[in-house]
Amino acid sequence: MNLHEYQAKELLKKYNVPVQEGFACSTVHEAEEAYRQIKNQSGSSFAVVKAQIHAGGRGKGTVKESGINGVKVAKNIDQITEFAKGILGGTLVTIQTGPAGKVVNKILVAQDMYYDGPSERKEFYLSILLDRTKKQNVIMYSTEGGMNIEDVAHDTPEKIFKEWVHPGGPLQGFQARKIAFNLGLSGEAFKNCVKFVTNLYNAYVGLDCGMLEINPLFKAADDKIIAVDCKMNIDDNALMRHADVAAMRDTTEEDPTEVEAGNHNLNFIKLDGNVGCMVNGAGLAMATMDMIQLSGGQPANFLDVGGTANAQTVEAGFKIILKDPNVKAILINIFGGIVRCDRVAAGVIEAYKTIGDIPVPIIVRLQGTNAEEAKKLIDESGLKVQSAIQLSEAAELVKQAVA
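Residue numbers for the sequence shown follow the working numbering, beginning at 1 and rising by one.
Among these hints, one or two may not hold up.
[Unchecked claim] The calculated DSS-like cross-link candidates involving lysine-lysine, where the alpha carbons are at most 25 Å apart (straight line), are:
| # | residue 1 | residue 2 |
| --- | --- | --- |
| 1 | K224 | K39 |
| 2 | K353 | K328 |
| 3 | K162 | K135 |
| 4 | K353 | K376 |
| 5 | K162 | K134 |
[To be verified] Label-pair restraints from in silico Cβ distances:
| # | residue 1 | residue 2 | range |
| --- | --- | --- | --- |
| 6 | G206 | V259 | 25 to 35 Å |
| 7 | E393 | G59 | 51 to 61 Å |
| 8 | E393 | Q298 | 35 to 45 Å |
| 9 | T133 | D324 | 45 to 55 Å |
| 10 | E188 | A282 | 27 to 37 Å |
| 11 | G337 | E393 | 18 to 28 Å |
It should be emphasised that the hints constitute simulated quantities derived from the structure, not laboratory data. The model shown is predicted, which means the values in this text are computed figures rather than measured ones. Glycine residues also receive a C-beta, built at the ideal position from the N, C-alpha and C atoms.
Take these sequences, add in the hints, and give me the full structure.
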């Protein structure tokens, strides 16, 4: 589950991670009031306006309707008003959203961190995620933080440092000091960085993050180390331990069909192909997608209905798949181990009758317990449903359907 920047920062504060303070705003009036509070607290007339969407590259991104970038620095309340009007409700297109972009429903009005002080200001990069190859958490960091971190990773990979941490224990003190040292810090900034990295790692583990990225990790002119931006992803499987975090979910940022599938306890991921798939079991689903590709089609989705497919789940699956106008055929591939094939067949027939006429060919391949009985049920139903027992049969029918 992805979180917005303002949500992630609130969670980090609970772990004593210093963050750029700000206020999430849904209206221009709220943005103006937030600016007044920030100005009173900081004494600075500068503030930053940031679009809140589940995508990176906001600083270089552009709002379609106004041409304004997704991150702007305002010098006065008039500019706050101008930027808030230009960003809120608009469609922000970034390198990560694709040309369709994402609608901005909230902005973050935050304090400006580029205040004057005795030392040099610097931007770093730091992220924590799981290295599945080494089966350890890895902290990736670089002295080259900011908007062009992707270019740094591509052009100068030697500037990206990595520190692995065994998941069975905490981040060791010497590891935190090594990170601060490699970032070129000294004195008070060094000490602050050690505390920052230690607390950030504790947040990563404590919140069951899948990924936690700080870019930029900012060294202010007074040697404070601050998370100016934060991208956080929470492991869905751990949300039952974090009711407060689960409540932060923003379904408006997710694919509507995936949200609907989740409401029916279906595992669904939308793809770009022309053959809809409905399968029980993730392994069989991936094998089915491979088979569709080899038959000349392309899978339009990944849909795992689980081990207890019935008329209700099949009907919900049909409706979700048929929302995709690119689908030319639907393949149902069920292995009847836990569930009997004849029950699944009866469910398919019932769902078909409930929905009414389905405009694309449906191929049903049932294998396992009572597979022959299931084929007979479908063949005698009088519906436009083609049945198969062998995978090769289903492949041939898919090939004919998309030809």
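Right, here's what the structure says about each hint:
1. K224 / K39: holds, 20 Å
2. K353 / K328: With a Cα-Cα distance of about 20 Å, the restraint between K353 and K328 holds, given a limit of 25 Å.
3. K162 / K135: holds, 14 Å
4. K353 / K376: holds, 17 Å
5. K162 / K134: holds, 12 Å
6. G206 / V259: 25 to 35 Å: Distance hint for G206, V259 holds at roughly 27 Å.
7. E393 / G59: 51 to 61 Å: For E393 and G59 the Cβ distance comes to about 53 Å; the hint holds.
8. E393 / Q298: 35 to 45 Å: At roughly 20 Å between Cβ atoms, Q298 and E393 fall outside 35 to 45 Å, so the hint is violated.
9. T133 / D324: 45 to 55 Å: About 35 Å separates the Cβ atoms of T133 and D324, which means 45 to 55 Å is violated.
10. E188 / A282: 27 to 37 Å: Between E188 and A282, where Cβ atoms are some 50 Å apart, the hint is violated.
11. G337 / E393: 18 to 28 Å: holds, 20 Å
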